[in-house]
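Undergrad: Here is how the chains run, residue by residue.
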Amino acid sequence: MRIVLDIEVRDKPGELLKILTPIANLGANIISIIHSREERVGNRIPVRFVIDVEEDKFKTLINELEKVAIIKLIDGQKKKRYVDIVVIGHVVDTDIRDTIDRINTIGLVEDLDLLMPHPDLESSATMKILIDNYKIEELFYLLDELEKEKGLFFIKTLL
Amino acid sequence: MDIIILGFGVIGRGLAKVLYNKSDYLSKNYGKFNVVGIADSSGGIYNKDGIDLLKAIEVKEKTGKITNYKDAKKMDILDLIKEDGDVVVEVTPSNLETGEPANTHIIESFKNDKHVVTANKGPLCLCFNELITTAKKYNKIFRFEASVGGAMPIINLAKETLAGNEIYSIIGILNGTTNYILTKMEEEKIDFETALKEAQELGIAETNPSQDIDGLDTAAKIVILANAIMGLNKTIKDVKIKGIRRITPEAILLANKRGYTIKLIGNVNRKKLIVEPTLIPKYSPLNVKGTLNVAMFETDLAKEVVVVGRGAGPIETSSAILSDLISIYKEIKK
Chain X
23 MRIVLDIEVR DKPGELLKIL TPIANLGANI ISIIHSREER VGNRIPVRFV IDVEEDKFKT
83 LINELEKVAI IKLIDGQKKK RYVDIVVIGH VVDTDIRDTI DRINTIGLVE DLDLLMPHPD
143 LESSATMKIL IDNYKIEELF YLLDELEKEK GLFFIKTLL
Chain G
12 MDIIILGFGV IGRGLAKVLY NKSDYLSKNY GKFNVVGIAD SSGGIYNKDG IDLLKAIEVK
72 EKTGKITNYK DAKKMDILDL IKEDGDVVVE VTPSNLETGE PANTHIIESF KNDKHVVTAN
132 KGPLCLCFNE LITTAKKYNK IFRFEASVGG AMPIINLAKE TLAGNEIYSI IGILNGTTNY
192 ILTKMEEEKI DFETALKEAQ ELGIAETNPS QDIDGLDTAA KIVILANAIM GLNKTIKDVK
252 IKGIRRITPE AILLANKRGY TIKLIGNVNR KKLIVEPTLI PKYSPLNVKG TLNVAMFETD
312 LAKEVVVVGR GAGPIETSSA ILSDLISIYK EIKK
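Protein chains in written order, with the working numbering: chain X, 23 to 181; chain G, 12 to 345.
Treat the hints with care, since some could be wrong.
Here are the simulated BS3-like pairs of lysine-lysine, each with C-alpha atoms no more than 25 Å apart in a straight line [unchecked claim]: (1) X:Lys178 with G:Lys93; (2) G:Lys253 with X:Lys172; (3) X:Lys178 with G:Lys200; (4) X:Lys178 with G:Lys341; (5) G:Lys253 with X:Lys170; (6) G:Lys282 with X:Lys178; (7) X:Lys170 with G:Lys248; (8) X:Lys157 with G:Lys200.
In case anyone wonders, no lab produced these hints; they're calculated from the structure.
Please construct the entire structure, taking both the sequences and the accompanying hints into account.
TA: Below you can see the structure in the form of structure tokens.
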């Protein structure tokens, strides 16, 4: 089967090789690579691969590639999306690092904006989370758990 | 058509005013809508020749009891339901825990050969199937447009105008009080308590605002929509509910910065019923302000359909009750 993958790779020597290795190991054939340096997002560069891969190896290929890069689109379909959430409560005092680390096991907190009006009052924060579409339910389940455990209050985006 | 009104609070009196003001219009376009019975917590009154609505409103507002009205027989509510009449309008206060006394009133009305129109959420979100089954058993019409979204057409819109469509989901703001509070917090950067107090002073929020701000009112409404429109069999216990008490002005400010607003959203689909504060893109049709209500249907044929309207108020709610009365009138005069 032929697939088109839009991937973001870090702008560092050797990053492209990390992607090519699993493709070669699975015996997949690269038809073309478009490296769009001018469309850089932060320190990442979008690269489009057109690949011929055996159907039963497709999932393994995606899993292996995810270990080394961020897959944005598969055949033009978004694999990942951004989910914005608001969190209210004693956001910092309830170990914000742990909160973020646990969210990062499912997605990636890319941005955090925090307002602390007064030490006695609850703080409010927004988080921008990059996540696989199919993992959103799992994320929302985790947020419900964190709410109960840490007394936080999450406001999710309407999907 | 002879009408008995059970409940003569703000909504009952609002309906009486509307029926009085529209009597010429109704006679000209349909026929005579005659109120023969009225009840409140003090008991019921009945006059087969019709009750003077202005006088009844005056008596209730001056003395607090409809039973002080002269020129009518006085009786218990359940006896009033047994008197001659075509339609019972049930607008006693909603009880979201037991559904009573409205549930008994509605069932007894069907048993005593009356069609029913109600604005009462309690029985609808607790005993929906029983009510529908009883109405069918006695071959009576049961309509309840006013129970959700006040004047905003929602139940009849889905069941009649969108007939033939499969409704996948309904998402909306179904409580004007919370929308008013959140709008105030956003526009004036004030905290929840201040906005609530202001809403109470204006009569938008009740002295005990819990049903609104803790999300129960919205939950009751989405249960009604789930059962009446989507054919599910749910009660209020099936709804995951979060209210708006913990929303801070800072949270709204941060949401605004990212292009969102925060609204208390009721969301019903085949998998779940949820009421919770939600981030809504500012450009979304769901971002309506003040006390307005909004509902978005997602359907198979028509795709998205959005309605916006006034969700509360005696005259607005009476608009929905009147449309149900007219539709019953048309049906029974066929």
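Undergrad: Against this structure, judge whether each hint is valid.
TA: Evaluation of the provided hints:
1. For the hint linking lysine 178 (chain X) to lysine 93 (chain G), the alpha-carbon distance of about 51 Å lies beyond 25 Å, and the restraint is violated.
2. Distance restraint check for lysine 253 (chain G) and lysine 172 (chain X): the Cα-Cα separation of roughly 16 Å lies within the 25 Å cut-off, and the hinted pair is therefore satisfied.
3. Distance hint between lysine 178 (chain X) and lysine 200 (chain G) is fulfilled; the C-alpha atoms sit about 21 Å from each other, no more than 25 Å.
4. Restraint check for lysine 178 (chain X) and lysine 341 (chain G): not satisfied, since their Cα atoms lie roughly 46 Å apart, outside the 25 Å limit.
5. For the suggested pair lysine 253 (chain G) and lysine 170 (chain X), the alpha carbons sit about 13 Å apart, so the restraint of at most 25 Å is met.
6. Restraint check for lysine 282 (chain G) and lysine 178 (chain X): the C-alpha separation of about 18 Å stays at or below 25 Å, so the hint holds.
7. Of the pairs offered as hints, the one joining lysine 170 (chain X) and lysine 248 (chain G) holds, with about 19 Å between alpha carbons and a cut-off of 25 Å not exceeded.
8. Our distance criterion of 25 Å between C-alpha atoms is broken by lysine 157 (chain X) and lysine 200 (chain G), whose separation comes to about 35 Å.
Hints 1, 4, 8, counting from the list given before, are not met by this structure.
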